[in-house]
Structure formats: structure tokens, C-alpha cells
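Number of protein chains: 2
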Amino acid sequence: MRFPSEGRLDDGVLEREFTLGDVPGILWTPEPVSAPVPLILLGHPGGLRKMYPRLAARARRCAADGFAAVTIELPGSGDRPRLAGAEQARADLRRTLQAGEPVGADLIDRLILPLVDTAVPEWRAVLDSALALPGIGGPVGYSGGVISIGVRLAVVEPRITAAVLFAGSFVPRAILEEARQVTIPLHVLLQWDDEGNDRQAALDLFDAFGSEEKSLNANMGGHTGVPQHAGESASGFFTRHLG
Amino acid sequence: MRFPSEGRLDDGVLEREFTLGDVPGILWTPEPVSAPVPLILLGHPGGLRKMYPRLAARARRCAADGFAAVTIELPGSGDRPRLAGAEQARADLRRTLQAGEPVGADLIDRLILPLVDTAVPEWRAVLDSALALPGIGGPVGYSGGVISIGVRLAVVEPRITAAVLFAGSFVPRAILEEARQVTIPLHVLLQWDDEGNDRQAALDLFDAFGSEEKSLNANMGGHTGVPQHAGESASGFFTRHLG
Chain A
1 MRFPSEGRLD
11 DGVLEREFTL
21 GDVPGILWTP
31 EPVSAPVPLI
41 LLGHPGGLRK
51 MYPRLAARAR
61 RCAADGFAAV
71 TIELPGSGDR
81 PRLAGAEQAR
91 ADLRRTLQAG
101 EPVGADLIDR
111 LILPLVDTAV
121 PEWRAVLDSA
131 LALPGIGGPV
141 GYSGGVISIG
151 VRLAVVEPRI
161 TAAVLFAGSF
171 VPRAILEEAR
181 QVTIPLHVLL
191 QWDDEGNDRQ
201 AALDLFDAFG
211 SEEKSLNANM
221 GGHTGVPQHA
231 GESASGFFTR
241 HLG
Chain B
1 MRFPSEGRLD
11 DGVLEREFTL
21 GDVPGILWTP
31 EPVSAPVPLI
41 LLGHPGGLRK
51 MYPRLAARAR
61 RCAADGFAAV
71 TIELPGSGDR
81 PRLAGAEQAR
91 ADLRRTLQAG
101 EPVGADLIDR
111 LILPLVDTAV
121 PEWRAVLDSA
131 LALPGIGGPV
141 GYSGGVISIG
151 VRLAVVEPRI
161 TAAVLFAGSF
171 VPRAILEEAR
181 QVTIPLHVLL
191 QWDDEGNDRQ
201 AALDLFDAFG
211 SEEKSLNANM
221 GGHTGVPQHA
231 GESASGFFTR
241 HLG
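Chains as they are written, first to last, in our numbering: chain A, 1 to 243; chain B, 1 to 243.
Be aware that a few hints might be false.
[Unchecked claim] To give a feel for the contact side, a few chain B residues facing chain A, derived at Cβ under 10 Å: (1) 3; (2) 5; (3) 11; (4) 188.
[Stated by the list, open to error] Stretch-level coverage of chain B by chain A, calculated; a stretch enters the list once three of its residues show a Cβ under 8 Å from a Cβ in chain A: (5) 102–111; (6) 232–238.
Don't read these hints as lab results, they were simulated from the structure. Here a beta-carbon is modelled for each residue, glycine too, at the ideal position from N, C-alpha and C.
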């Protein structure tokens, strides 16, 4: 992890941009800390610059709860090279949505699976580096979307012990199957009228999770309309499981 | 409201049994109070004696949040006279469930509608009496099941300004229609694997509510397995809306 710059937010949270190989990211740590703190991986739909205000707000909340937070740019987003096939899949998605046709399972696979296959090893490498830093210990939580990345990480990465998943993107059939292998505590956020999300698919995914403890928290409004009290409830979930 | 007895719980909550006409009930008030407190109506599936431990726990939580709480026996339950047709409907339900057959809409109507039609005016009379007592002001919340009673009350009783509804019983078609007229903030609890509840019907009911603010909080486990954190989140909902 290389830290080319260092900044500080208003409320005493240390914010550091970094690169890990070719992947840019941001790390937030609460200061001062007397013991190593848990770490939360902040997932998002891609485009670090555009997402920055919301990510920084979530990171501040993590810091207030005593957690470090880290995020990375998604493969194919921001300044990162396009993913093979992704442009074609996105063009096909636009055409399908404009025509008012249902989004087929094959198209969902082409949109999401290359993203998951590429992003998950990157997240695991970030985890290796971040946990090697002084002041960051564990346990580790994953928070946010792309939900399929969160599902795969929950299955393959044993250091992740709890996850807040945001049901706001298409879910490939293979990921629905992987969901049955997830056993960590889950808190799933669903925006009931999410324009970019298939509600029934999100409910099927929630049902599929193998976790003994899982909660679905559905609220009114569109993709970006998650109410403040839902954030508080997600924060309470991490405090119970990582705190 | 006649108070034949008076008791006190361990933690300074005044508990008073009462009768209103032929209807027995229990009223809990936090002490001491400097100003009139909001009131929460505690719904339940019937059988005050059997339900007492859980009701008293919920009332204690209300008192800790600064609210009074009141409950009454359901028509046809406990020592109250049976409701016309209810015994027959319950026998039909048992037979249907034992045969592994789906519970039809007509049977659901016969099971639930007489209960709603009788209980709702009783709840409103309790509200009149309780709000006339010193120390109890408003606003008023409804909390619990039978969910159809909560829906009807939310439509017809303007003094109820927020409701936590427990999706744990059959819902008649007429109540699904009434749900569209509900506009108060709602927090709906659903036990995902509730043995006595049709999950899809509960999701359809949640979707039907006309309220701009409504949250669905679904958790694992059966009818009585609501986790503690779900109670905390419901408590936070009332504090936001009644506190």
C-alpha cells in the first residue's frame, strides 16, 4: 500500500489515499486509537470520485463507532481500464431497458460476474495490506454493494465476520447459489422502490442466504434514498458483531 | 375505567389492571412523570394471562422510553365470551392445516374480520379512557398484532400517529384494501420463517400500505423468535415518532 497523499477530515478522522498495485483506494482511521480497531470494507457501485461524498460520510460513521474503513475503485470504473466485455454488456443493458424488456439471466451474468471475479481478489489483497498496518486489527466487516461482490467475499474470505449488504444491483444465478454457503451474520438493506433493482430477486437472494442470523431492512424510496435511521440500524449491527 | 387492583413492577413502573365495561385490560405508566406521556397500545394474539410475561416486558421497554402502555383482552379470548362463528372458523382452520391444504380467503375472512370488527371499537374506547387519565397525553402508537386490527385502527383512529405492526397472522382481502388508506409512519416486523404466517401475504400487505414512511424489518426464526435487536429498532421508531 503506497500513500501518495495524506489528509484529515474535520472531525479528527485520518483520511489517506493509496494505491495497491494499479488499484486506487482510500483508507480512513479514527484517531487516536489505544488498541487496533476493526475494519470495514466500504463497497460501492464504482466511480470513487463521484461516490466520494457518500463514502466519506459512511467512513466518518465507522470512525465514530470505533472502526477503520477502506474502499477501492472497482475494476472498469474511474480511471481504471475497462473490463473485457463490460462495455458491450452495459450497451446491451441500456438497449434492453430502453426497449422495456426484462433483463435476462445471461446479460446479468455478463454484467456482473467479470466484476466479481476481478474485484474479489483485489479486496482480499487490500485486506492483507490494511490489516498489516499499525492500529488496524480486526474483525472485518463488508458494507454496501455491489451485493454480488459482498456475497462472494463472505463465502471465500474467512476474515470477514459480518456484512451489511445493499440489495441494489442485478444478481447472477451463480451468486444466488453461492449465497447458500454464506454463514456470517447479515444485515440486508433493500430500497423497496429501487428503480435499478428487481425486488423479487432481492427477496429471493435474502431467502437463499445460509446465515442463521440475517435481517432484511426494507425502506421506501429509490436507490439513493436510504433513510438515516436505516444507517443507524446498520451501524448498530456492526457494533454488535465487530465491536 | 375501573381499577380493582394496583401493583408495581420492580423498576418503578406502575402496573394497573382494569376493566372497561366487560373488557379486562392492563395499564402501565412510568413514574414519576413531569409531563403527560405518549401512549402505546400493545396488541397481541389473545389470551392476556398467557401473554402477560411478554406484554409486561414490552410495557417495561415502553416505560423506559418514557411512554405509557395499555393492553386489553381480545374478544373471544381468555375469560371473554366466544365470538359468534369464531369456534367454527378455528375448527375449520385446524382441519385445513392438518390436511396440508391452503387456507382459503373465505376462511381467513371468517377467522379475522369478526375479531377486527369487535376489537377496534373496544380499543378506541380504551383510548378515550386512557387519554382522560392524568399523566397520559399523546401522541398514540399501536404496537403488535393482530396486524389486521392495527391496520383498521390506523385507518379509522386519527389519534394513532405511528404503528409497529407484527406480520404474524392471516390478512383478509378487505384489510389489504384498507391498508392502501394507511398514511401514518409504519415499522413492520416479519419473522421470515413464521410457521403461522404466509410470507408472501405479509410482503403484499407491506407493499399495499399507503404510508410514505414504512420500513420492513424481517428476521430469522419462528413466530416467537423476534430477536432483541429488532425490539430495539422498534423502540427507536417510536422514540422518533412519539418522543
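The hints, checked one at a time:
A cut of 10 Å between beta carbons decides the hint on residue 3 (chain B): the least distance to chain A is about 37 Å, and the hint is violated. With 10 Å as the threshold, the beta carbon of residue 5 (chain B) stays out of range of chain A, its nearest partner Cβ sitting at about 39 Å, so the hint is violated. The interface hint given for residue 11 (chain B) is violated, since its Cβ lies 23 Å from the closest Cβ of chain A, which is over the 10 Å cut-off. With its C-beta approaching chain A no nearer than about 9 Å, residue 188 (chain B) sits inside the 10 Å limit, and its interface hint holds.
Coverage of the stretch 102–111 of chain B by chain A is violated in this model, with 0 residues showing a Cβ closer than 8 Å to a Cβ of that chain against a need of three. For the stretch 232–238 of chain B, the stated coverage by chain A holds: 4 residues have a C-beta nearer than 8 Å to a C-beta of that chain, and at least 3 were required.
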